[in-house]
Every structure is written in C-alpha cells, then in structure tokens.
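Given the sequences, and given the hints that come with them, work out the whole structure.
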Amino acid sequence: MCGFTGWVDWYRDLTSETQTIKAMGDTLVARGPDADGLFVDPHALFAHRRLVVVDPEGGKQPLTRRFGERAYTIAYNGELYNTEDLRQQLLAEGFTFHGYSDTEVLLVSYVAWGEDCVSKFNGIFAFAIWDAANQRLFMGRDRLGVKPLFISRVGQGIVFGSELKALLRHPEIEPVIDEQGLAEIFAIGPARTPGVGVFVGIEEVRPGHILIGTPNGIQTKRYWQLQSIEHSDSLEKTVETVRDLMIDTVERQLVSDVPLATFLSGGLDSSVVSAIAARYYRKKGRPPLHTYAIEFQDMEKHFTANAFQKSLDGPWAQMISEHIGSVHHRIVFDTPDLERHLLDPLLARDLPGMADIDTSLFLFCRRIKEDVTVALSGEAADEVFGGYPWFHREDALAADTFPWSLRLHERMGVMSDALKQAIRPQEYVQERYLEALSEVPRLPGESGREARVREIGYLSITRFMPTLLDRKDRMSMGSGLEVRVPFCDHRLVEYVFNIPWALKTAGNEVKGVLRQAMADFLPHEALYRKKSPYPSTPNPAYLALVRSKALDMLGDSSSPILPFIDANAIRALARMSEQPSEHRPWFGQIMGTAQMFHYLYEVNEWLRRYNVRVK
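In short: position in the sequence shown from 1, add 138, done, that's my numbering.
None of these hints come from the bench; they were simulated from the model.
Among these hints, one or two may not hold up.
As the list claims (entries may be wrong) - No more than 25 Å apart at the CA atoms, straight line, and that leaves these computed lysine-lysine pairs for DSS-like:
1) Lys687 x Lys558
2) Lys160 x Lys258
3) Lys258 x Lys198
4) Lys303 x Lys507
5) Lys160 x Lys198
6) Lys753 x Lys558
7) Lys610 x Lys668
8) Lys303 x Lys753
9) Lys198 x Lys303
10) Lys507 x Lys610
11) Lys687 x Lys198
12) Lys303 x Lys558
13) Lys303 x Lys160
Unchecked claim - Derived Cβ-Cβ restraints for the label pairs, each shown as a range:
14) Glu477 x Ala710: 21 to 27 Å
15) Arg531 x Glu374: 26 to 32 Å
16) Ser372 x Glu548: 21 to 27 Å
17) Glu317 x Ala707: 17 to 23 Å
Positions of the beta carbon are idealized from the N, C-alpha and C atoms, including for glycine.
Okay, structure coming up:
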C-alpha cells in the first residue's frame, strides 16, 4: 500500500510547480515510509510515497513504461490479487514485463485494454495514469472503496490524492466548509455521503468509478455496481460456494514479500480469516501464522454485557489461536494510552471519526507494524452477511432512516438553534437516505420483508461500510501498515448480496450460511458465538476524560465549535453521564455518551487545527 497525489492541467505549464507537488506528497509519508518518487511533465505532476510489499526494485513509483513512441506513467495505491492471472493474459498478447509488481501489471493492463481494464482487476486500488501522447488522465477506484481517492477541480485542471491532507496542501485549495459540510459533520458523521469531500470544492471518486480527463473536459463513469438476481442455488450449494469463495479470497491475499499476520479478535469474522490463513501456511510448509488481538487493561473489571456486546473477546481469541496453531500476541492498552493519542486519528483521517475505537485501532496498528508490514482483517463481514443488529431488530427494519443512526433527535439536542436552522438536519438526513434507497437494485416479485432486508444490505454496503473502511485505511496506513479485507472481494459480495435471507440465516442463526461454510475450520462453540463488535474501553476513566475535554471546550471562549452547539445541553448531558445508564448508541453499535463527548471534542480540534473556515 502507498499514497499518491497529483496535479494535471492541460492549459498550464506545471514544470515550475515541483516544490508544490513535493510538499503535497510529503503529507503522505506515513502511508509510504519506505520510498518516495516524483514525475514531472509539462501538464502532469505526480508524487508517490511507497510502502514496499511486493517487488522492492520493480515496483518503484511513479512508474513509466514506453511502448514505441508513447509513454504511460502510473501512481498507484493498493494491491491486485489476480496479478499472475493478468500477467499471463498479457504475456499471451505479446506484452513483456521488467519486474513482477502489480503496479506494472496494472499499467500494462491499461495499455492493452484501455478503460475496460478495471473490470478485470480483483483487488483494492486507487490509481492515476498519465498518457502523455494523448494528454489523457485515467483514474480508477476499487469496487467497494477500500482505497481512498479525492479530487478537486482547480482552474482548467484537476488536483487529486489519497487523502484530504494532500489536497489541502495545494495553494489554491482552502479548508472551507459550507452548510453541506456542516450537515455532514453534525448530522451524518462520522459517516460520509459517497462522493462528498466535506470541504468546498473537494469531491470523492466514488467506489466502482473511473475518471477520464482530457483537454476537452473531465468525466466520471461507473464501471461496477451491485445487481439483484434470482438466487437458485440450494442451501448445500450456497454453503459450498461461500466456502470456496472464502478460501480462494483469503489465499489470494496472502501474497507478500514482507512479514504478514492477521487480526484475531475471537469473533467469527477474524477467526474465519485467520483459520483459512493458518491452514494455508501449514499446507505450504511455512512457519506458523502470527495473530494479533487488542484488549484493554482491567477489561474484566469494568465490562458489562449489553445488547451489543455479549462477552469479552480475549479468552476466545486465545482459544481460536490454540485451535489453528498461530503465534498469538495480546496487545493491551489502558486509558492513559488513549489520552496521549486522543487526536492522532483526527490527523490521520482529516475528519472527525469514531472516537476511542479510532484511537485504539491506530495504536493497535502501530504496535503490529513493529513486527509485520501486512495484516488481514475480518472487516466488512457484517455488512455483507447481515450480521448487524439492524438486520434483525424490528425498530431498525421499520425505521425510515439509516438504521445505524436512529437517534438523530438526540444529536440535534446538542446542536445550536442557528446550526439547526442552517443545515436542517432532519431534512438533510432524509434526503440522503432517500437518495441511497433510490439506488437499490430491486428484484421483481420480492416480498416486503425480503425487499427491506435487501435495502438494509445495500445501505450497509454502500453507506455504513465505507465509514469503517475509511477508518481501517487511515488508522492502518497512518502507521505504515497495510491491512487487507478479504470480505470485500467483489465476487463474494456479489454472490452473498443475492442469497435469500432464509439461507443467509440458515439454522436460524445470524450469518448462518457463513458459519456452516466454515464448519471444518473452527470449533463449534467459536462458530456459534454471539457477535461482539470491535472493543471499546468500558473503563469509566475514559468517560471522565472525554467529558472533561468537552467541558473544558465549553469553557474556552475561543473554541471554534461554540456557534454550532448548545452548551447548556452538553452540560446537562455531562451531569446525566455521572450516573450509570443503559448503553444507547447514537451511531453504529458502540458510540454512546462517552463517544459523543469525544466526537464533539474532535470536531472542535478539527475546526481549530485545520483552520477550517465556515462559508
């Protein structure tokens, strides 16, 4: 994995802007600590930061290949998992290679097949290719949006990059937000509407899209989308297909020239990935797989089971490790660790995020990076297989809004009247929700319940999952760790999306079809353990910490957030939080009262540290 940024202008000589593109590239050093590179053309500038994973010599970037009189240059962030398949096809068509990197394969694929190349890729990617002879810019992003890509149209050209911070370093792009940006932060956040870059003038290249730029203009096209088709496979055939896809997907993602490990929380999803990887390592005669789990100090002392978190992960992770024969590492953090690094995720993400679970993931990835460079994660299984509570709870199924954010009225309670009048949060969220529903591919003749579950699945994959993928990308790449997500393989997603709910929940079990598919890999008690989300610290010291931060923010007259919040409402919430209460998440499964204080504190620091100006 890497980071890149660029600037293309068809009507301006950019050769004097080398220092500008270098400064933009320097913002991405955490994504690529191993090497850097520049490409300078009169109308195109690329900067690249590299994290070496495959082909240390042949994968240097930006990479230029010449074919006769024509030169093509690529800057790329990602990983192709069908590199060898593509290489063999291209060799058969007469192309040659100078190395064995997927970077070169991706570039040659474009030379051979043009914009259709993206439909042949199995992987996670964002890239930019400059065709100098035709003055053509070609960019693409993977189907599910695992790898980020932002753009801004500057003058008669375009500026782009892996992260917002790279674009914000450009002298003609300012950190300005308007009512839409405020609505994204206060009503949608920490999620984000696809395509919206929050800052004025910044857009996101949406997942499954390409961008083509020429002197005649810039256009984007969708090359992939989920489709609804009749599922005719029996339960037995469905289980077999899911098993085969899972095995093939995980095994493809174990290719690396550097040390590799897996996340192992003890939950079903990471256990599945780790078990397949461990068996593959044994089959190939490799040393045992290394697995990593995150825990918090005194978790047993402070943990209380609730509807969203049923049991502690630690003992289960250890049991799974012993079953699959991995070398297991328990990474334990405490509240002081969170306090010291409370805002590191903000600087990695460039937007307010998911509070303590961002911070703990950032620290977890940084610790893993001390040992390995690549890790596989169980992220995205709940969106794909329907594991979240909102697939099963009647209140969520019946809600006329995003089911992971049912308490908008509670969020509005901390907003100032001026902000509510400016952004009209209920109308904004409803508009975004209806926009998402309008995209859902319908299946003719599907029943009301099945149709609604299909809607929830589509919303989860296209609106909730990107939030977690953004988080996983920024927190891992902020430490120079590449994290791969097998459950985002598009073949798996396409197949499972169309499995009827009765088969997905085979045996009347949440994610039943996945559990049955993995019966040969994991012990029964682990297969059928109730879901537990990524751990959040239950230590009351964390609540006290972020509550104090929020109250201090209110007491500072220079706090830029003050015009947008109701200080009295926040003080009242602080008083209420001193008494034990039911866990009531306002976003996802984890973000409750403590995370509300943390999120508001992050928003304030984001406005301050990024010098955000409200238009």
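Going through the hints against the structure:
Taking the CA atoms of lysine 687 and lysine 558, the gap is near 24 Å; set against the 25 Å cutoff, the hint holds. Proximity of lysine 160 to lysine 258 is assessed by CA-CA distance (about 32 Å); at most 25 Å being required, the pair is judged violated. Under the criterion of a C-alpha separation no larger than 25 Å, the hint pairing lysine 258 with lysine 198 is consistent with the structure, at around 23 Å. Under the criterion of a C-alpha separation no larger than 25 Å, the hint pairing lysine 303 with lysine 507 is consistent with the structure, at around 23 Å.
Annotation: proposed proximity of lysine 160 to lysine 198 holds, straight-line Cα distance about 16 Å (limit 25 Å). Our distance criterion of 25 Å between C-alpha atoms is met by lysine 753 and lysine 558, whose separation comes to about 16 Å. Straight-line distance between C-alpha atoms of lysine 610 and lysine 668 comes to about 23 Å, which keeps the hinted pair within the 25 Å bound. Our distance criterion of 25 Å between C-alpha atoms is met by lysine 303 and lysine 753, whose separation comes to about 19 Å.
Note on lysine 198 and lysine 303: the hinted pairing holds, with a Cα-Cα distance of about 23 Å set against a maximum of 25 Å. Our distance criterion of 25 Å between C-alpha atoms is met by lysine 507 and lysine 610, whose separation comes to about 14 Å. For the hint linking lysine 687 to lysine 198, the alpha-carbon distance of about 44 Å lies beyond 25 Å, and the restraint is violated. Between lysine 303 and lysine 558, the direct Cα distance comes to roughly 28 Å. Violation of the 25 Å bound is thereby established for this hinted pair.
With a C-alpha separation of about 13 Å, the suggested pairing of lysine 303 with lysine 160 holds against the 25 Å cut-off. For the pair glutamate 477 and alanine 710, the beta carbons lie near 25 Å from each other, so the given range of 21 to 27 Å is met. At about 30 Å, the CB distance of arginine 531 to glutamate 374 agrees with the hint of 26 to 32 Å. For the pair serine 372 and glutamate 548, the beta carbons lie near 45 Å from each other, so the given range of 21 to 27 Å is not met.
In this structure the hint that glutamate 317 and alanine 707 lie 17 to 23 Å apart at CB holds, the actual value being about 21 Å.
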